[in-house]
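> Chain order of the listed sequences is A and B.
Using our numbering, you'd call the opening residue of the first sequence number 1 and step up by one each time.
Using our numbering, you'd call the opening residue of the second sequence number 1 and step up by one each time.
Bear in mind the hints are in silico, worked out from the structure with no lab data behind them.
There's no promise every hint is true.
As the list claims (entries may be wrong) - What the simulated footprint calls covered on chain B by chain A, stretch by stretch (three residues with Cβ under 8 Å from a Cβ of chain A suffice, anywhere in the stretch; the number is not a length):
| id | region |
| --- | --- |
| 1 | 18-24 |
| 2 | 168-174 |
| 3 | 629-640 |
| 4 | 645-652 |
All C-beta atoms, glycine included, are put in the ideal place defined by N, C-alpha and C.
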Amino acid sequence: MSLRKDPEMEPKPRNGYSRRGFVQGVGLSGAVGVGLLESEAQAQPAGGAKPVGPGEVPITLQINGKPVKLAVEPRVTLLDALRNKLDMTGAKRSCNRGVCGSCTVLMDGKVVDSCCVLAIDAQGKDIQTIEGLSTGPKLDPVMVAFVNNDALQCGFCTPGMVMATKGFLAKNPTPTYEQVEKGFGGNLCRCGTYVGIRKAVLEAAKAARGGKNA
Amino acid sequence: MPEYRWPEMSQRRVMGKRLSRLDGPIKASGRAKFSQDINRPGMLFGAVLASPYAHARVTSIDISAAEKTKGVTAVKVTSPAGTEIQWAGTEIAAVAAATEEIARDAVRKIKVDYEVLPHVVDESDIQKAGNRVKAAGEQVTGDPDQAFKDADVVSEGFYGCPVLTHCCQETHGQVIQWQGEKIEFWSTTQAVSDIGPDLARNLKIPAENIHVMQEHIGGAFGSKFASDRWGAEAAILSKSSGGKPVKLHLERNLEQMIAGNRPSAWMRAKLGAKKDGTLIAWQSQSWATGGVGGGGMPPIPYVYTNIPNRRLNHSAVSTNAGGARAWRAPNHPQASFLTASAMDDMAAKLQMDPIEFFSKNAGYSARPETYRRQLVKAAEMIEWKKRWHPRGEAGAGPLKRGLGVGFGTWGGAGHASQCRTVIHADGSVEVELGSQDLGTGTRTIISMVAAESLGLPIQAVKLNIGDNRYPRSGSSGGSTTVGGVSSSTRKSTLNALEKLFELVAPALGAPAGELEAVGGKIQVKGNPAKSLTWRAACQKLGGKTISEMGVNDPKLAPKEGLNMGGVGGVQIADVEVDVETGVVKLKKLVAVHDCGLIINPKTAESQVYGAIIMSICGALYEERILCGVTGRMLNADMEFYKLAGAGDIGEIVCHLEIDPENDKRGVVGLGEPPVVPTMGAIANAVANAIGVRVPTVPLTSDKVLAALEGRNA
């Protein structure tokens with residue numbers, strides 16, 4: 001692993017935790033998947049980053065506009081923190097490897113797979129989950145478009161699809177059909193609801209521009 | 001007894017409408033709770049240790065370090081020393097712990113020694129499968145040898161499709177709590193009413209002690225009927241952990257390896273036909289695997305069952321891989337692909353238009369008129385006459401367009417189902433079935449039938465499903481649910497309504513038989529002036545309730561006419577193949593399906609789209625890949641186990657034959673039929689485009705290029 005100064009590291013997260021810093025700290029090089037070995041956890045940190053873990057560490061996440069305090073092991077993903085620690089189960093765990101998009105949330109407005117973000121690394125970011133989109137009986141217009149176009153069957157991938165739509169439309173407010181097809185390549189649906197999804201995204205885009213949901 | 005038959009098409013107020021599914025809002029807003037979303041107080045997390053070897057014997061297992069791990073509450077050995085492992089991914093042990101991370105750590109601390117045994121994981125070349133091949137015995141009809149002599153044209157070919165996995169997005173598993181005598185079971189199942197007894201057998205406890213709950217399920221497709229070993233494992237972990245609930249769902253890799261798959265199907269075929277295109281002989285040697293148990297025999301020749309002279313040989317190949325499970329229309333997509341490919345090759349050799357060829361031979365099928373009608377309709381939808389060209393004559397340039405035909409059939413008559421309708425004095429209505437909604441729209445169609453029958457708006461019916469405390473309703477398999485639950489609901493609601501009629505008849509001054517429920521009122525038939533509002537009618541119940549059952553019995557159903565089975569379907573694919581890169585792109589697919597009475601065209605069409613998309617995956621992208629050396633699955637994930645995305649499916653147009661004639665047949669299941677013809681249609685379209693047959697799916701670019709070069713891929 002290169003120890004070069006990474007511009008992405010600046011400015012440092014307020015609390016000093018970051019994925020890169022964490023990985024440097026424990027001396028692993030790209031082998032996070034093998035888990036944390038005790039000897040490595042005790043190794044001296046490189047580059048001055050403060051080592052954390054391997055036990056639970058207190059963190060604060062900014063979720064749907066509110067600060068939420070919780071304690072997680074450094075290896076816990078944002079997805080697992082949401083689901084297992086906070087009972088926010090809208091984001092789903094399906095492939096758990098950043099392929100299917102069932103775990104999609106927005107981080108600082110960007111579409112991310114929350115299964116591929118460490119919870120400790122999500123600190124200081126503005127995290128938006130599906131729970132924040134609609135709290136009462138009134139649905140978000142994207143959700144309405146999904147219902148109208150029967151863009152869901154079993155519904156397991158749906159919250160991820162809805163969040164991906166939010167992120168997609170923020171960047172592409174007037175998408176073409178082809179842009180929709182490409183833009184949703186990161187969200188898979190085994191029930192095969194893409195026919196409805198493509199229509200729903202276009203309808204939601206129209207609704208956001210002031211048109212009515214069909 | 002009330003008249004249960006469905007109202008005339010023109011008389012229906014709720015059924016037949018394009019209503020949005022009732023659980024759409026809760027699902028789209030992320031509030032729907034799936035089994036994986038259940039978090040209970042004090043809940044523990046389970047993790048599974050699985051065998052890395054495809055064939056091995058466990059010689060020793062040491063769980064002491066795992067047991068001593070802080071936070072671990074129970075370790076259960078499922079494959080003790082001496083156990084012979086038959087596929088990679090077999091569960092060796094399971095752990096329950098305070099957190100998921102601790103459970104996984106503990107699993108890694110279990111020490112297992114194996115004696116590794118030789119394995120077989122590849123059956124695509126039957127010559128190499130040795131003693132793992134079990135022949136089913138030859139079936140001969142007519143005189144195939146003579147028929148091949150009489151034939152003007154003989155066409156031979158090899159075709160095949162590999163094993164696919166269900167790849168449910170919610171992996172198999174459960175949250176389960178075994179406390180004292182009772183088990184609370186938050187399942188992922190297609191069988192809310194039947195999974196309890198299944199788990200009870202495994203645990204040797206009375207079935208009535210198991211309470212099954214399931215609001216939503218993240219995909220099943222035939223793979224989620226049984227409680228499975230992990231169900232029992234999780235229950236025992238819960239019991240061993242002082243009765244705390246345990247959440248245990250398979251990790252993605254195990255989901256792909258051990259939670260079910262569709263058997264492969266391979267075939268060498270020889271067909272004989274007369275010059276005019278009449279098929280007279282079929283000979284095939286086919287083989288398949290669905291794991292150690294071998295593979296089911298695909299019903300070939302498919303649809304064209306009665307080709308007069310046939311010789312069939314099928315072999316099951318036992319491989320060291322996770323066992324097959326029902327997969328959306330078991331064996332039909334494979335049989336359809338094999339048959340449609342072989343027949344299409346014959347049509348090409350005859351230099352005959354495939355539509356004409358399939359139509360000409362439709363007399364060999366159980367429903368010639370249906371197929372001929374559907375071939376005409378599908379051809380019209382794709383502009384066949386204008387756009388079809390003989391095989392390989394796609395013009396100059398690297399992008400070749402082609403059209404291809406596929407066909408299918410299915411049963412789909414209603415399963416055994418019981419429904420209870422309860423009418424309360426405040427006018428509220430509850431409809432209860434121990435059924436499940438797999439995302440097919442079951443909730444919505446039950447509510448529509450109840451509302452139709454009771455003359456109420458759909459919102460006035462409270463539907464209770466997803467709990468085995470409700471009356472037993474069948475498993476959702478074989479496209480039998482819609483027929484079963486619609487029929488039992490129809491009967492139950494009308495039985496309850498009859499009781500209400502009897503109660504209010506005196507007040508309306510007419511016999512109960514003269515009353516009808518229309519527009520939220522009970523009225524004398526055809527006389528809205530003599531009526532009571534629904535609420536006023538129900539108030540006459542005083543402190544009582546009406547509670548009436550309705551039953552669909554598959555043995556009696558054909559006479560009653562509420563549901564039926566037996567459908568046909570035809571699909572035509574339009575593809576573009578880049579002969580320089582070998583990439584196949586589906587441009588358009590049209591599907592024509594007969595369907596019986598459609599309760600909700602909107603959700604019905606979604607079933608068709610979904611089924612087609614699933615088979616587009618099978619035609620172009622997905623396949624289970626096992627490593628010959630290690631015996632392990634190389635793509636036990638979702639990045640290399642390829643599924644189609646939103647941009648990979650082209651345009652799909654479906655035509656459901658909704659008309660009075662079809663409607664008279666009653667309700668017929670639709671979840672499976674449209675999955676059947678797609679692979680054949682796409683494979684034939686590719687052959688039409690590039691001029692040569694790509695013999696096996698998925699039609700990946702390497703195989704397309706190999707076929708173009710005349711090599712075996």
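> Against each hint, give a clear statement of whether it holds in the structure.
Okay, the hints, checked on the actual structure:
1. 18-24: holds (count 4)
2. 168-174: Three-residue rule met by the region 168-174 of chain B, so holds; n is 4.
3. 629-640: holds (count 3)
4. 645-652: Held - the region 645-652 of chain B has 5 residues with a Cβ nearer than 8 Å to chain A, which meets the minimum of three.
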